[in-house]
Structures are given as C-alpha cells and as structure tokens.
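A.B. asks: Read off the chains here:
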Amino acid sequence: MCGIVGYIGDKQAQPVLFNCLARLEYRGYDSCGIAVAGSEVKVFKDAVRVKALEKVTPKLAGTLGIGHTRWATHGEPSRVNAHPHLDCPGKICVVHNGIINNYQKLRQKLARAGHHFVSETDTEVLPHLVEEYYDGNLEMAVSRALQEVEGSYAIVVLAVGNRELVIARRDSPIIVGLGDRENYIASDVPAILDYTSRVVYLEDNDIGVVTANSLQIKNGGAEVARKEHKISWTVEDAQKAGYEYFMLKEIHEQPKVIRDTIGGYVAEGEAVGLADSGDFDLGDVLILASGTSYHAALVGKYIIEELVRTPVRTELASEFNYCGCTSPRSVTIVVTQSGETADALKAMKRLKGEGCRVSVITNVVGSTASRLADRVIYTRAGPEISVAATKSFLAQLMALYWLALPYSKIDIRRLDSLITELRQLPGKVQQVLDREGSIAECAKQLAKFDNIFFVGRGINYPVALEGALKLKEISYIHAEGCAAGELKHGPFALLGKEVPVVAVVGNDNTYEAMLTSIKEVKARHSPVIAIVGNGDGEIEELVNTVISVPKVEPIFSPVVNTVALQLLAYYTAKERGCPIDFPRNLAKSVTVE
Amino acid sequence: MQQAVILAAGEGQRLRPFTVNRPKVMLSIAGRPILGYVVEALAKNGIRNIVMVVGYRKDQIFDYFGSGERFGVEITYVTQERQLGTAHALTQAQGVIADEFLLLPGDNLIEAETIAKFVGVAPEAVLVKKADNPKRYGVVDIKDDEVKSITEKPGDAGSNIISTGIYAFSKGIFRFIEPELDVPAAVNKMIAQGETIKVALTDGVWLDAVYPWDILSLNDAVLRRVQPNLSGTMESNVAVKGRVAIGENTVLRSHSYIAGPAVIGEDCEIGPSVCIQPSSSIGNNVVISPFTVIRNSVIGDDVNIGPGCIIYNSVIDKGSIIKGQFTACSSLAEVKINGEHYTVDMGVMVGEGCRLGNNIVAQAGTIIGNYSQVQGKTISGRLPDRSLVY
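Chains E and X, in that order, are what the protein sequence lines are. Residues in the first sequence are numbered consecutively from 393, following this note's numbering. Residues in the second sequence are numbered consecutively from 488, following this note's numbering.
These aren't lab readings, by the way, just hints derived from the structure by calculation. Hints may contain errors.
Claimed, not checked - Each pair of labels, with its calculated beta carbon distance range:
{"no.": "1", "chain 1": "X", "residue 1": "Asn647", "chain 2": "E", "residue 2": "Glu833", "range": "47 to 55 Å"}
{"no.": "2", "chain 1": "E", "residue 1": "Lys943", "chain 2": "X", "residue 2": "Ser741", "range": "33 to 41 Å"}
{"no.": "3", "chain 1": "E", "residue 1": "Thr626", "chain 2": "X", "residue 2": "Glu600", "range": "25 to 33 Å"}
{"no.": "4", "chain 1": "X", "residue 1": "Asn620", "chain 2": "E", "residue 2": "Thr812", "range": "41 to 49 Å"}
{"no.": "5", "chain 1": "E", "residue 1": "Thr812", "chain 2": "X", "residue 2": "Gly729", "range": "29 to 37 Å"}
{"no.": "6", "chain 1": "X", "residue 1": "Val780", "chain 2": "E", "residue 2": "Ser809", "range": "19 to 27 Å"}
{"no.": "7", "chain 1": "X", "residue 1": "Lys617", "chain 2": "E", "residue 2": "Lys943", "range": "46 to 54 Å"}
{"no.": "8", "chain 1": "E", "residue 1": "Ile802", "chain 2": "X", "residue 2": "Lys531", "range": "48 to 56 Å"}
{"no.": "9", "chain 1": "E", "residue 1": "Val510", "chain 2": "X", "residue 2": "Glu735", "range": "50 to 58 Å"}
{"no.": "10", "chain 1": "X", "residue 1": "Lys604", "chain 2": "E", "residue 2": "Gly927", "range": "52 to 60 Å"}
{"no.": "11", "chain 1": "E", "residue 1": "Ala617", "chain 2": "X", "residue 2": "Asp586", "range": "47 to 55 Å"}
{"no.": "12", "chain 1": "E", "residue 1": "Ser809", "chain 2": "X", "residue 2": "Arg501", "range": "35 to 43 Å"}
{"no.": "13", "chain 1": "X", "residue 1": "Gln714", "chain 2": "E", "residue 2": "Glu595", "range": "41 to 49 Å"}
{"no.": "14", "chain 1": "E", "residue 1": "Lys738", "chain 2": "X", "residue 2": "Ala585", "range": "54 to 62 Å"}
Unchecked claim - The calculated PhoX-like cross-link candidates involving lysine-lysine, where the alpha carbons are at most 20 Å apart (straight line), are:
{"no.": "15", "chain 1": "X", "residue 1": "Lys545", "chain 2": "E", "residue 2": "Lys632"}
{"no.": "16", "chain 1": "E", "residue 1": "Lys889", "chain 2": "E", "residue 2": "Lys914"}
{"no.": "17", "chain 1": "X", "residue 1": "Lys604", "chain 2": "X", "residue 2": "Lys531"}
{"no.": "18", "chain 1": "X", "residue 1": "Lys545", "chain 2": "E", "residue 2": "Lys648"}
{"no.": "19", "chain 1": "X", "residue 1": "Lys640", "chain 2": "X", "residue 2": "Lys617"}
{"no.": "20", "chain 1": "X", "residue 1": "Lys604", "chain 2": "X", "residue 2": "Lys617"}
{"no.": "21", "chain 1": "X", "residue 1": "Lys545", "chain 2": "E", "residue 2": "Lys966"}
{"no.": "22", "chain 1": "E", "residue 1": "Lys836", "chain 2": "E", "residue 2": "Lys864"}
{"no.": "23", "chain 1": "X", "residue 1": "Lys810", "chain 2": "X", "residue 2": "Lys864"}
{"no.": "24", "chain 1": "E", "residue 1": "Lys483", "chain 2": "E", "residue 2": "Lys434"}
{"no.": "25", "chain 1": "X", "residue 1": "Lys810", "chain 2": "E", "residue 2": "Lys943"}
{"no.": "26", "chain 1": "E", "residue 1": "Lys801", "chain 2": "E", "residue 2": "Lys693"}
Computed from a prediction, not measured in an experiment: that's the story for all the values here. Note that CB positions come from ideal geometry on N, CA and C, so glycine has one too.
One chain only, chain X, in its complex shape:
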C-alpha cells in the first residue's frame, strides 16, 4: 500500500462546545490532535502519500499539518464543500487516487500496530475489532473471513465485531459509491452484487470520541505510552514522578509536584506549589497559580488558572481564564446531549475563551459553552455558547 485517504471533513456535533471552532479530527489528546496520531500511524507503516479530505474548519488542519513535511509525509488536500457523508467525501478524492489505497477515518485514534498487518492486505478488505458496546458502531456480520453485511448502530447486535472504518480499496470501489452517502452502504451494495470484501482483525488501539467526556478516556489511554522528556526550567524542590513530558521554555516553580503520566506544553508557568496528577495534559502558554490541583484533566492552550482550584476529570478549552477557588466537582453525573440522557463519571467541560469568576463551584456534568462568562456561587447543567451567568 502506498497511498492513504483520510476523511477529515466532519464536524463532530455531539462534541460541542469543543467542535464549534475545530473539526473533530483536531481535538487535542495528550498534546496532539487525533488526526496527528492517524498520520503518524501511516508514516510508521511506510505510507507517506496521504490524501486528506477536509471540509469543516479546514484551516485548522492546514495550520497544523501544512504540506506534511514535518511529519515525514506528503499531504494532498481535497475539499468536501458540504458534509454529505463518508462515501461522498471519498468521491472528492477520486481524482488524486493512484491505484490501491487505505481509507481511514481521521477521527479515530489509532497507533502504528493497529494497521501494521492491514497495510499488507490486498483490496477489498475491512479492518474490524471486538467491541464492548457494539451498538454504537457498525457491526460486521462475517462468514468465512468475508463480510456478509455491515449494519450501522443495530438495535440488536448479532455479534460484537465492529468495523473500524479502515478499509483497503482499489479504484474499483468508485463504481459502487454514487449515489450512496456512506461507505458501509456502498460496501453492502458491493456484496449484493457478488463482490468479495475480506475481513482482517486487529487488537491494536482504536479509540473513538463521540461525547465531550470521551476526551478524558482517549487522553488517559494515550498518556500511558507518552515518551518522557524534560525540557524547560525546574526551580528548587520540584518533584516530577513517572512518565512526564515537558515542553520548552516552561517553568515549573518551587514545590510543585507533577505525577505522570502527564504532558505539559511549551511556555507554561506552573506553580509554585501546584499539583498535576495523572493523567493530565496541559497545553502551551498555560499559567497555573499556586495551590491548584489538576487530576485526569485536559487543559488547552493559553488557559490561565487562578490559585486554589480543584480540577478533576475535566476539560478546559483554550484561552479560558479561571479565577481562584474554582471547584470542578467530579462524580457520576446525568448529562443530556441531543435529547439523550447519559450517566457519566466526570467533572466539568469548559469551552474556549470563558471567564469564570472567583469561588465558583461547578457541579459534576456541567458543560459550559464557548466564550461564556460566569460569576456567582454554583453552576450546573449545560450552558450554551456566550452565556452570561451572574
């Protein structure tokens, strides 16, 4: 396999507020976007010719990846002007596809091992894996190593084998794409017309983020394998334990305690007397004031956190300023997304550019929209973007 097509045009609506200003593939996990892990997995398996189908907020992808040279790959960008499904996205790339290619979703976090064997498989083939909750995904019905059908989000899942969305195709696939709007439907059509789709099984890393709190599990899974790297400056009596990566120009001030696995970006100012506990990711240019504890959380770039804050199991998106004594309560919480109810063990999700005043207590499961301003004592529930709470 020499070429890969990555579908990176989707919005990821259910991940709001984090996908209002970025496409789902650019969600930051352990300091890198999900799409970055996909590109790295391909490069490590020798596939350097990459076509990216972009659409929603594609400028975010251009800014990060450029021509791909920095990542050892060559990227050709193709735009899907309107998001009309995965098969439609694939047709945008038809003109630049040479021969055989791997098709991958850009929003599933994978590692090199996940696709290591699959890159050698001949088309047409689909990569599958065992899942605990197959009902959320495309369940694959298999007979003798071949696909019988793929059923998206079945009410009653016959098996627990799901499609990873990673396929090995030849140019022949394009005969079956139009006017279908998603790839599994095209695959079913192929099978109905007597074509063979082989099945390959992987037990490598394959992670999906659908709701905002999923960011925490992806972050945790990736951080366990982070490469320790200590850059920046550490003042006296700073303790760093476990797998920790710290970026350039970051200053860790006295008596701070960093317990890995953890990633801290560049140009940060942490401390004095700050605790970062596993598994936390801190972005670039972040300031964390004294006596704040951060645990199993993802903090975006340019965030400023005041003193005495307790932040567990939470996601704070970039540019937000949180004044002192903020408590992100964490426990089993009831959250409603798109009319559906979920019970999740989580802290608080805060969008970008928010301003949280002093002494705020946010109940577990609170989701604060982007650019919101909050003053007052206790908040809960879901706040839309640009909320003002007094």
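This is chain E alone, in the form it adopts within the complex:
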C-alpha cells in the first residue's frame, strides 16, 4: 500500500499534491509528506493524516513536487520514517510504494561508501543509491540504481536542477494523468480525477521521464509506447454526496451496481461464460482470491457447483503461492477488486508460467491483473473508496452468477425463474436498505459485546464469514465466522451470555439444520440474532432478534443477506465511534505479501 503522487506543470504544486494525497488516503494513512522543488528541495512530513499536515505546512513555493501517504511496512509511523526521503546533500528526493527486499545489504554497502541514514525504512536506500550514480542525468542514475534493487516498487524521483520527474514501476502500480502543459503522477486513478481523465498505466520494469509537456517511457533501455486510457469514473463517483461515510454511500449504491452489471452483461449477449470456447463439458474449476474476494469465491463455488454441477476448488491466493498445484485443464478464475493484490498477481504469474489460461474478475480497468489475464470480466462497481469492501463484493457475486448461468445444467423452467429473479435483485436489495433503521437498532445492542460469532450453512456459510470480516474490520470487535455444523466441534466452549451469535438462515435444504444449531446455541445462553427471509414465525420465537430480508431464490440469498450484514457492521461501528472509512492498520489494496 502507500500512495504516491507527483506533479509537474505551471500550477503551484503544494495544493495539488495535498488534494491528490487526500484522495489516496485509503491506500495508507499513518503518516504522509510532500516535497516541493525550487532552487532547493523543501520537504514537510509527519506521522499525521493528510488534512492535519496540510493545515500546518508552510507555503512551499514551486511547480514541481512529489508526495506520499504511508502504510508502514518497515519502520514505525513517525516523522523521520515518513516519505519523501532525501539523499545526503538533500538534492535527490524519492517517494516509494512497495518493499525493497535487499535493503539491508544495500544500506550496508552505501554506509561503507560514506552515506548517512536517518530512518529505519527500506525506502531510504533509494535516494542514496541514485545519488551514487547521479551525474546530471537523472533517468540514467535511477535506471542504474534500480538494477541493484530486489523487491517491489513504484517510485517518483526528483532532483534539484532537473525540471522533470523520473518514475519507475515493478509490481506496484503507478499511473500518469495527462494534462494540458502539466502532468500528474499517482498510484491510482481517484487521485487525479479532479484534474484529468486521460491516464497512462506503467508496466513492470518501465522507467519514465515526465516533464510538463511530455512523457517518455523506456523498458530495458528501449523506448516503448503505453496506451492512453480515458477514465469514465468521475470525481462525483469518488465523493460522499450527503452520506456521512463512503462506506454507507457505497452500500446504498448496490442496487445501482447490480442493475448496471446486469445491463452490461446482457448487452454483451452470449460473450460471458466460464470458458472461452463454449465447451459445455468443463473439467474442474479453480478460484483464487484474498480477503472479501475470497468470500465471493466461496459463494461462487456453491453457485457453480449447483448450476453447472462441476467440482470447484477455492484457494486463498496467499496460501496457494506456497503449496498449490493445478493442471492446465482447469478453468482458473482469480478474483481481485483492485487488480493489484500482490498475492493474486503472484499466483497468476505462476499459473500462466505453467500453461494455464486464467480469467480474472476485477473492478479496475487497466489494472495489472487485467493485463496479465487471458480473459477479463470487469465488475462495474465504480471506485470503492472505503477500505472495507462492500459494493465490489456484490458486483463480484453478480459476475459469478453471470459466468455460471450460460453453463447451467438445470431444468429450463428453473433457469427461467432464476433469470427473472435476477432482474428483481436491485429492488430486493433496496428493500433491505429501506429497513436500515431496524438494523441500526439491532446494531446498538451488538456494539456492547467484544466477541461475536457468525454462523451459516451451505451458500450462506461464506456470507457468515464475510459478515464477521466486515464487523471485525470496521468496529474492531473480535468477530469470527464459522460453519454452523462446526460450532459443536470446539467453538461451543466459547459461547455464553457474553458471546452473541449472528445466524444467517437460508431458505433452503439447510433450514432445518440451522434451526437445530440455533437451539443448541440458545441452550448455551448466547443471545442469537437471525437473518431470515420475511415472515418466518418459527425462527422469531427461538431467537432474541430477527433481521428480516426479502424472500429470494436460495441461490441469490447471499446478495440480500450480505447487504443486511454490511449495514449491521456499519451501524455497530458507528455506535462505537470508529473511523469507518479508514480502519486502523488497514489499507485498501494489499500490494505487498
């Protein structure tokens, strides 16, 4: 994580840098800093949030600058560890997103050559390394310095006396926003939406030189051309618009996201399906993902197994990278909202190396994953600013339904009614949102506890996992998701008056078993909150609180149940006064392992 920005043009750099950084804070927010270059480089940084730094920064005059917002990996959040970092004479200045694996060796080598270090970061070796090779040509110096670096980076470098910024990328994202006699550099698109919608993405091992009027990119010494993209997201999409937090806004966008997704896929006609060839006899399917996307993958497993009747494996991308095997015959799908998740990218590269064809479900056009994959299915959720994933998860579910439906082996009457029901989903989700008042009431009670279990069965088991994750992320309550059938194999020992259980009850063949589980839980005196379809009298009598959701076909129940759980997490966090959009210790897109 970390967000990096840069500006070169005829505007004053300082306000531009702060504005872009504020929009990138979801990438990291434990410390930040900017540097503005005139006849010398002036750096101002501290272990505070961007808005706080902006208030106390003196006016640094200059139209060339770089900035950084940090998610600490090496070295605690502090002023001295914050970026930008300088070389010895304070003329070369660097911001960095990524991890330099061999920084210890480089640091020792540079120290022996007389360089002096002040921070504990891996990044600080970079300006000193560039200083070693610098003799007036910044690009050459950066290029030679990077050859010694092992690890990941997206960097922006400036040097006094050079009216240009040098950028480079390996495994961490960096884009250039093209303007009129000015150019913007950032880790991610939302940073520069205020200024331009024309974007160029750098690829691995690119080194670019950005001036106010030009962008020149080389890879391996040879000049390359990178495509210019027009971004359809607007600044509007990245604003809260009346809502108190981005997360609530994004939860409320979900009916629209579902509608847009259906419309988009319907328009594409037959094109979307599990495999390119339309071969209806699929082998097995492997789905890889991390975090909330992994929960989407788990739901996908149930969807595909039920509709297509083919076995599905789901693996955590991080674990798969250490001990996973597969065959080129499998249909492989990687799910990653940002398209930059390091664990997912590593898995993709290995699989492609082994001859597998890989499809990716992602929300970010032009992301690294989208460029690595053989086939890309874009979710159309728009930029998701809140760190906790909400609408992107639902959009991933919609993509998975859409992948599975053309291959369904189910009865055509059932298929018809599923497709009709699919079109009803935006309205059904809106009905859940219409009831947020009663969910908020329930959350007020839930907020008093420190440990909560979420249980589910069948297709709602991953929903329970996701519900626990959302609550954990933003309210800091220790919430744990568990398969209902597994409770009595251990977790029961933890139950009692102080440990409530949220039960996600599906209206399917797991219903009776869930009833039994709930009775067992009640017998241990845990308060029970049940998420059920409308009008279920039997459950109402058993449990302490009922959260009603509209009745849907069981295969679509994750859609409405998840929205109810998102609202539950949101209002619980609100009751506890938590900083919902920027939870402690987390960042939006995990671009390190």
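Following the hints, complete the assembly by docking chain X onto the known chain E.
C.D. replies: Okay, now just chain X, sitting in the frame of chain E:
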C-alpha cells in the same frame, strides 16, 4: 439570485403507497424525480448554488443527486430531523445561506420558464399563478402588486390566484420565522408588521401531485415535451411513432408498437408484440411480455409484466411482478383517501414489490399497497402494504 433553498424533507403521506419508501420529491415522472425538474429549472436559470433541506428518506435523494455535479450544480445538504413544517425546514438552512435566495418547494414540478423572470426579482417576493381549483392551495390576496395576505385552503376562495410556494427572500426573513411552523404564516406576520412582499405572476408549468393518480397527469404533461432519443436495439418490424425516448441496452422485440409521447428506460426487454401507447413511462430493467398493452401509465424500475395484460391509466411501482392476463380496468372510480371521497378517472395503483397472479381483474380505482401478493379473480378497493389476497 445566486442561491436557492429547496425544501425536500416532506413525506407526502397522501401519495401512499408510493411514498412509503421514498420522499414525495423523488416520485418518478417521465423517468426523472420531481426534484430533478426543480434542480434543472434552477440550473438553466443560472442558479447553481443549491441548499437542499432533506429529511424523510433522504438517502434516496443522496443516491440520485450526489454532490450535484452531474446536474451542473453544487448541492449542500441540511437535515430536518423531524418534519415540523416549511418554516422550520427553512431555519435548518439558515447557517448556509449567504444573502438573497430563492425558496422553492421540491415537490412541485416546474420548468425553467416558470421562474425565468422571477430569478431577477428583488426580495421579498412571491411567485403566484392562476389556478382552476384554488381551494386546495394557498390563495393570495393582492393589492397593487403587493401581498395583503396568504390564506391556506380557504373554504371560500376570494380570488383564483394561488401561491406557488416559490419565494424570493433575503436573510431578513429569519426574523419572522420562529416560532411559526409554515412559511405563509411567517409571510402574513411580516405583512402585519408593515413589511412589503411583492407579487410576480407566472404562467409557466407548475404541477402538484397530492394523490396517487396525480402522477398520471404530471407524467402526461411532462411527456409532451420529452426529447426523442432512440438508443438500444430494435428488432425487425418494430414501429416507433411520435416523441419517444429509449434508454441504452434496451431491446424492443419484433412487432412491437411504441406510440409517443413515451419514455422507456435502460436495460429493458419489451416484446415481441407489445403496444406502448401515449403517454407512458417505463422505467429501467423492465420486462414486458408479448401481447400486453400499456396506455397512459407509469411503470417503475425492475417490473416484470406477463403476457396478455391490459394496463390503462395506471401506476405500477418498482419491482412488482405481474403474471399474465392482468386487466387494470379504467373508468370513473370512487376512491377514499384519509376519510375523504374522490371521483377520479383512473386505472389501478400498484405499490412496489407486489406479486399479482394470473388472470386478475382489478377494478378501476384499486390501490394495492407495497409488497402485496394477490391471487384470485377480481380485486377492488384499497389494500394496505403487505396484503395477502387469495
């Protein structure tokens, strides 16, 4: 005038079932909420700084308008926690009002011409118009271009000039607001204390929806000026006549006949062999099955209509599923709202998320509450939300 304050906090109780899940200002007319027309009228007259006082179901307004950028305006939201009348709503905005401002109700559908001259008038002033049935509104008693008094819903209307609820005020109005609970009362108080309120007359569009069937007249009035726009796909032998706007990704299947004025949203699937007749609005993601005729009706988003249905002069709210052979009878009907009786030429009003089975005949004037399920042959009268009829 640089700034406008729009009152958008009200519920619109008499418009149920359509206002159970949305504020009155968000009722959809010809594919856009009433509030959208108000915002557009302001933007076209150069007023871009808008303060919206929201309350009931404000999330619906946030979802649609956002920061206002999409509509070329800048919106600041102020919340009225409890709906205690129009003057109380105005006081919520006091902190963000700069100087002179236009005050408008968010639930009256207007066009740019309605306020074109008024934006240049100096405060304090009220915009009035001639009405056919002034007894429903605030009647304005005028002398020499100035207001003598405003009387809400008079038993015996002296004149036929009513207040549009659109005022030009300066910050001075706030001296007269508390503890009055509605704006006309505050105006009367101003006059009693010797202040002058000027009168300006408009003959532009100004429409009000009070009862569910009013949606039809607003829809008809707006559709006559709709901008034709044909997006989406049309299969062979589809006829489109008159002023019709069709959204992206919509498919019109063979032998369908669309007679404007009409608006069809995005992602719809219409036909084959469906007739849409004037003046109808169809929302987004709507499926209409073969041999169905829709005339002078408003169909909400995500609705699914089965084959062989006859739907005239009706409103079907979002997400409802209507199985085949549904007939919405339309004629002069007796309807009771809040204890009052009305005789209205109308079809049927169906709330959101309803499920209507096959072969249902709904008598003219039937109002079905939200989330209701109906099976059986004939229905009539007023069904509350979540009704089950077998």
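A.B. asks: Would you mind confirming whether the straight-line C-alpha gap from lysine 545 (chain X) to lysine 632 (chain E) stays at or under 20 Å?
C.D. replies: holds (14 Å)
A.B. asks: Are threonine 626 (chain E) and glutamate 600 (chain X) spaced within 25 to 33 Å by their CB atoms?
C.D. replies: The hint (25 to 33 Å, Cβ to Cβ) holds, given that threonine 626 (chain E) and glutamate 600 (chain X) are roughly 30 Å apart.
A.B. asks: Are asparagine 647 (chain X) and glutamate 833 (chain E) spaced within 47 to 55 Å by their CB atoms?
C.D. replies: Roughly 49 Å apart at Cβ, these two residues keep to the hinted range, so it holds.
A.B. asks: Straight-line Cα separation of lysine 810 (chain X) and lysine 943 (chain E) no greater than 20 Å?
C.D. replies: Distance ~18 Å between lysine 810 (chain X) and lysine 943 (chain E) Cα, so the pair holds.
A.B. asks: Run the distance test for lysine 545 (chain X) versus lysine 648 (chain E): straight-line Cα separation, threshold 20 Å.
C.D. replies: Holds: lysine 545 (chain X) and lysine 648 (chain E) sit about 17 Å apart, inside 20 Å.
A.B. asks: Do the Cβ positions of alanine 617 (chain E) and aspartate 586 (chain X) conform to the proposed distance bound of 47 to 55 Å?
C.D. replies: Given a distance of about 54 Å, which is inside 47 to 55 Å, the answer is holds.
A.B. asks: Do the Cβ positions of lysine 738 (chain E) and alanine 585 (chain X) conform to the proposed distance bound of 54 to 62 Å?
C.D. replies: holds (55 Å)
A.B. asks: Between valine 510 (chain E) and glutamate 735 (chain X), is the Cβ distance one that fits in 50 to 58 Å?
C.D. replies: Holds, since valine 510 (chain E) and glutamate 735 (chain X) (Cβ atoms, about 57 Å apart) stay within the stated range.
A.B. asks: Between valine 780 (chain X) and serine 809 (chain E), does the beta-carbon spacing fit 19 to 27 Å?
C.D. replies: holds (25 Å)
A.B. asks: Are lysine 604 (chain X) and glycine 927 (chain E) spaced within 52 to 60 Å by their CB atoms?
C.D. replies: At 55 Å between Cβs, range holds.
A.B. asks: Within a Cα-Cα threshold of 20 Å, do lysine 836 (chain E) and lysine 864 (chain E) meet the stated pairing?
C.D. replies: holds (16 Å)
A.B. asks: Holds or violated: lysine 545 (chain X) with lysine 966 (chain E), Cα cutoff 20 Å?
C.D. replies: holds (18 Å)
The earlier numbered hints are all upheld by this structure, with none contradicted.
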